[in-house]
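Undergrad: Chains as they are written, first to last, in our numbering: chain E, 338 to 596; chain V, 865 to 1501; chain U, 12 to 247.
These are calculated hints, taken from the structure and not from any lab test. Some hints could be false.
[Claimed, not checked] Calculated cross-link-like contacts (lysine to aspartate or glutamate; reagent style DMTMM-like; alpha-carbon spacing at most 20 Å): (1) V/K1351 - E/D387; (2) V/K866 - V/D1154; (3) V/K1231 - E/E384; (4) U/K126 - E/D387; (5) E/K351 - V/D1154; (6) E/K348 - V/E1077; (7) V/K1402 - E/D432; (8) V/K1233 - V/E1176.
[Said to hold, decoys possible] Covered stretches of chain V (chain E as the covering partner; in silico rule of three or more C-beta atoms under 8 Å from a C-beta of chain E): (9) 982 to 991; (10) 1245 to 1252.
It should be emphasised that the depicted structure is a prediction, and the values quoted were computed from it without experimental measurement. C-beta: ideal position from N, C-alpha, C; glycine also.
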Amino acid sequence: MRVTLKVWRQKDAKAEGRFVTYEASEVNPEMSFLEMLDVVNESLALEGEDPIAFDHDCREGICGTCGVVINGRPHGPRERTTACQLHMRSFSDGDVLTIEPWRADAFPVVRDLVVDRTAFDRIMAAGGFVSATIGGAQDGNTIPIPKEDSDLAMDAAACIGCGACVAACPNASAMLFTAAKISHLGLLPQGQPERSERVRSMVARMDAEGFGTCTNHGECEAACPKAIRVEFIARMNADFVRAKFTAGRRESGLAEGNG
Amino acid sequence: MKLDARVPSGPIEKKWEKHRFEMKLVNPSNKRRYSIIVVGSGLAGGGGAAAMAELGYNVRCFCYQDSPRRAHSIAAQGGINAAKNYRNDGDSVRRLFYDTVKGGDFRAREANVYRLAEVSVNIIDQCVAQGVPFAREYGGLLDNRSFGGAQVSRTFYARGQTGQQLLLGAYQALERQIGLGQVAMYSRHEMQELIVVDGRARGVVVRDMVTGELETHLADAVCLATGGYGNVFYLATNAKGCNTTAIWRAYKKGAAFANPCFTQIHPTCIPVTGEYQSKLTLMSESLRNDGRIWVPKAKGDKRPPIEIPEDERDYYLERMYPTYGNLAPRDIASRAAKRVCDEGRGVGPTGRGVYLDFKDAIARLGKRKIEENYGNLFEMYQRITDENPYEVPMCIYPASHYTMGGLWVDYDLMSTIPGLFVLGEANFSDHGANRLGASALMQGLGDGYFVIPHTIGNYLAREKFSPVPDDHPEVVAAQEAVAARTKRLLAIRGRRSVTSFHRELGKILWEHCGMERNRKGLEHALGQLPGLREEFWKNVNVPGSGQELNQSLEVAGRVADFLELGELMCLDALERDESCGCHFRTEHQMADGEAKRDDQKFCHVAAWEHTGDGRKPNRHVEPLTYENVDLAVRSYK
Amino acid sequence: HIILAVAAIAPREEARMLPAPGFVRSSIGRKVIMAVTGAILFGFVIGHLIGNLQVYLGPEAMNGYGAFLREVFHGAGLWIVRAVLLAAVILHIWAATSLTLQSRAARPVGYRQQKWKESTYASRTMRWSGVIVFAFVVYHLMHFTFGNVHPSFIEGDVYHNFVAGFRSVPVSLFYIFSMILLGLHLRHGVWSMFQTLGVSHPRYLRIAHIGAWIFAALIVIGNIFFPLAVLAGFVK
Ligand SMILES: Cc1cc2nc3c(=O)[nH]c(=O)nc-3n(C[C@H](O)[C@H](O)[C@H](O)COP(=O)(O)OP(=O)(O)OC[C@H]3O[C@@H](n4cnc5c(N)ncnc54)[C@H](O)[C@@H]3O)c2cc1C
Ligand code: HEM
Ligand code: HEM
Ligand code: SF4
Ligand code: F3S
Ligand code: FES
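The following block holds chain E by itself, in its conformation from the complex:
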């Protein structure tokens, strides 16, 4: 089969970007989407042109490195599928594919389809952890955890940090990513001691990174390759309100406003 690609090309963060059209002939339907790009890139390189830069690593849907918007859908048309696991058989002969990078102020374009997602790392650094100093742990079976809780925590922990939620959100909001981590840790006994501090500082960092706000569109869930559910956002909202209003018990009077 053959497809036409309209690809966003941008030399670096500062440069002007534009769409460039490429023809991909003899595409094999068994190819993955990224393998199709590989083939296009090989021929570009041999013609002395710069290949299309795109992020990828594991190519099996788990590292969260890959991710482009294909015909208006982050990671492409297939549900619960990362770009690297999308196969060309999901398209048909003669299709025109518009390929764009994630679009968000907090995810500046680095080159072509590659964006800078370190904002996610900074949200994590703000509190996305349990402060369990290495060596100090008690036996793993000391605290039994209801299966439903740990399964639910696992549902949230399955987030691969790809950023498709931000890309899909009409408001470029990072609520789903942040809520997934807050819920993962908040659902487990190990996460309780820092639960309030965590939600306060992670949300503060999320806002400071310049993501949009959530108006409950639900596009993030629909685009999420790991089907992280928006119910976690509701969970985070509740946690946040509780945390804010119960904060600073020891600073008389100033309960509000100090993280």
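Given the coordinates of chain E, assemble chains V and U with the ligands onto it according to the supplied hints.
TA: Quick look at chains V and U with the ligands alone, frame taken from chain E:
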């Protein structure tokens, strides 16, 4: 070069404890005066960086991905072993130790393996405390499964995403230290060169992959935790970026490279479909717990699997290995698959595949239970192949997966270059000639969380350090070497793509240095490789410049190193004139086709010393002695 | 060109934890204000609808109700309600505006192509439907409360104002149009409210959605019937 493993004396159960007591400690208030470079943010690197930062050292951590959370450890599916004996099924530190040594076909260092088994217990505790959502039973306690040819249930898992969850635990600990300013994280930075000053590792030259700038980082010690080199075969289950560059540069700076030919071929991967194929996807070994592996009895039987009646199917693993059946170790299962395909009984479009069938398991346990255990793996399979494994059997074939070989390290994980420590898959790990399932995650975290934090202090406390001047000849030399290499790659502007060279290299190695090896084939490969390398440096096409994000340049640099490594692998495979574990020399097999070890001549680690480009490297040996397990013939019948 | 990295590492500014800003400045805080004020307005609209149903009971009932509203708590009641409503509208609009600006800034460069899966027309037009509903309220007050855009306004004769007011077809059409937008606004708003306040539970998710639909529909239908009833001469 002399290989001194510095294994502490005394009974094996007491070695690690004794050593921890004898090691010199760094005074808490002095720790911040020391700076440590950690290359790699996987279980070993990320875990190690976090652990050392928690102790108060100044750590700088590097990875080539855009975030430390994406290290290849993330891809591990099946699980992690620990001698917890939560099942009360007779497991113990000693049994895990024994299984690992035996599984490695008696080519691993006893003392290290024992320590690994000891710390395995702490690893699980630590991960649970970090909030790793391991699978649990309804009672709320941790669940286990038996995995990769173990007769006890000692494998802890988190759905099919164990590596991901363990790595997120380490990553979160790392991010905490980054937030506290104790670790400086450099993502999208690729190590290009090691800096050795006065015989000690003192820094690295890295390339900022966004701007192309070459940065020099100097420190008191360097840890490499850069993972395995399985991608040398081009088609592998490894992430595309996995490379040998970091350890190869160290090798060329004087670190011995141990057992390069010990590369593991994983039996259950999705078969190749075409030339364009860029990687192979692993189907977790845990599937072998409930799936039954078979091929048609008749050659060239092209009927769809469901139409082949029971009595015309050959469940060859169950037939050949009654006790272990479908759970036979990886090297054995892989070779068996190759054999039946060579006999012309292979299935799938290319005839290089075997069936992994869940019909019976679904009948026995019900679809729900299967879905619960393997749901996401089945989904992944269907996504890739467009076939529904609940109805038709999976089609699988072996693929390059893990490398037991790596930089040689002593008991303290220090290479032959003082101050250069090597952790995780990057070292010639504790797995001998074959790794058992679910033990690499264990080793990565063991090295990172529980070994390096102690042993690095022991080194730092014993040494004196004066700051290395920026213009020290060694520093300048390293910088210039990298700059020159980059320039050279960009200057060629040849006619062949980087990938085409990598593919060709992979084909040669897969053919002659893969599941089965022999003198003829290895000599043939050794004849071909230098030519391929020459052509690469004459005719490779690397577009773009060095002052920008240039993915072709990144790949070219990695392939250039693979081309050299491939040669060392063949050399090592040729010189090791025996069969052991994954290293199967057709000249050395039993009547029934099992690997035939030669403990007289080869009960040792082979560590190679670089002697200059185009020169034959020196082969050194570290003899292996077994005081706690007797060198038995490894049998899984 | 080769650069030398700093040997000593100062904590990277962006990596440090920042003190969390006040509730009101945080995105979620403003969302909650939006939800609470939204809830108040929503409650008012329902109550208001029920009150207006009196029109079907004839002039006495309607005017009595109007009078009651004005006299309850010696006249204080109405002012309290008005104060609350006014505060709610102001806060609601302020929150909506600042959140909207933040979201606009979060995506300076848009997509060439974007396909929606989950979001609804209602959810994507909240800002417009809101503004129009607000414009409606302003007009509505001038129409029925201050009477300055009313053809024959009689202070206190709510029934007359009501009937006379809707006799004009364009006015009625504007009301109907506004009510439909209000319906859209509430259709997403009410479900969104649960989500924002964190009371949504997977088991009741569908119920929340259906509930939002039903309430929005009731309000639209109930309100649209007033002008229709007048035009149809059913209420004279
Ligand atoms: C598909 C798959 C499934 C597996 N399943 C299991 C399992 O179920 N159980 C099990 O025990 N093991 C499993 N393994 C093996 C196990 O995952 C790995 O051996 C282990 O995770 C290696 O960890 P590591 O920290 O040593 O290296 P990695 O996790 O590979 O990390 C390497 C790090 O080094 C960095 N790096 C590499 N080169 C450079 C460079 N030149 N410059 C800068 N940084 C560099 C990378 O960015 C990365 O951060 C699996 C492996 C694969 C491929
Ligand atoms: C200029 C006027 C208005 C604007 C700009 C506006 C805008 C918005 C926006 C953007 C939301 C948030 C949607 C979301 O977060 O999902 C919202 C929610 C809501 N609005 Fe309005 N609105 C306005 C007036 C009104 C009026 C007059 C009413 C009632 C009659 C109302 C009732 C609601 C309700 C009940 C919600 C749900 C609360 C929530 O979403 O959290 N709004 N509005
Ligand atoms: C077709 C539907 C509606 C009808 C027939 C209607 C009718 C009226 C009438 C007759 C009054 C005057 C009551 C009095 O002076 O005693 C009034 C007041 C008012 N209406 Fe409505 N209304 C409608 C819809 C709405 C809606 C949707 C809103 C808000 C979103 C609204 C907000 C108000 C307000 C704020 C007042 C002033 C109350 C006060 O005196 O403070 N109305 N309405
Ligand atoms: S929530 Fe889903 S879409 Fe968002 S980063 Fe995580 S995996 Fe990606
Ligand atoms: S799409 Fe955006 S608006 Fe909220 S529900 Fe998801 S973040
Ligand atoms: S490349 Fe890893 S998720 Fe796509």
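Undergrad: Under the criterion that the straight-line Cα-Cα distance not exceed 20 Å, is the pair V/K1351, E/D387 satisfied?
TA: 17 Å, holds
Undergrad: If you count the residues of the segment 982 to 991 of chain V with a beta-carbon closer than 8 Å to a beta-carbon of chain E, do you get 3 or more?
TA: holds (count 5)
Undergrad: Would you check the hint for V/K1233 and V/E1176, treating anything up to 20 Å between C-alpha atoms as holding?
TA: 28 Å, violated
Undergrad: Under 8 Å between beta-carbons, do enough residues of the segment 1245 to 1252 of chain V, three at least, approach chain E for the coverage claim to hold?
TA: holds (count 3)
Undergrad: Decide if the proposed pair is consistent with the structure: U/K126 and E/D387, CA atoms, cutoff 20 Å inclusive.
TA: Violated. U/K126 to E/D387 sits at ~30 Å, over the 20 Å cutoff.
Undergrad: Take the C-alpha atoms of E/K348 and V/E1077, compute the straight-line distance between them, and say whether it is at most 20 Å.
TA: It holds: about 16 Å lies between the C-alpha atoms, which stays within 20 Å.
Undergrad: Between V/K1231 and E/E384, does the CA-CA distance stay at or below 20 Å?
TA: Violated, at about 52 Å.
Undergrad: Check whether the Cα positions of E/K351 and V/D1154 lie no farther apart than 20 Å.
TA: Distance ~54 Å between E/K351 and V/D1154 Cα, so the pair is violated.
Undergrad: Quick one, are V/K1402 and E/D432 close enough, alpha carbons at most 20 Å?
TA: 39 Å, violated
Undergrad: Is the straight-line distance between the alpha-carbon of V/K866 and that of V/D1154 20 Å or less?
TA: Violated, at roughly 48 Å.
When the structure is compared with the earlier hints, violations turn up for hints 2, 3, 4, 5, 7 and 8 and for no others.
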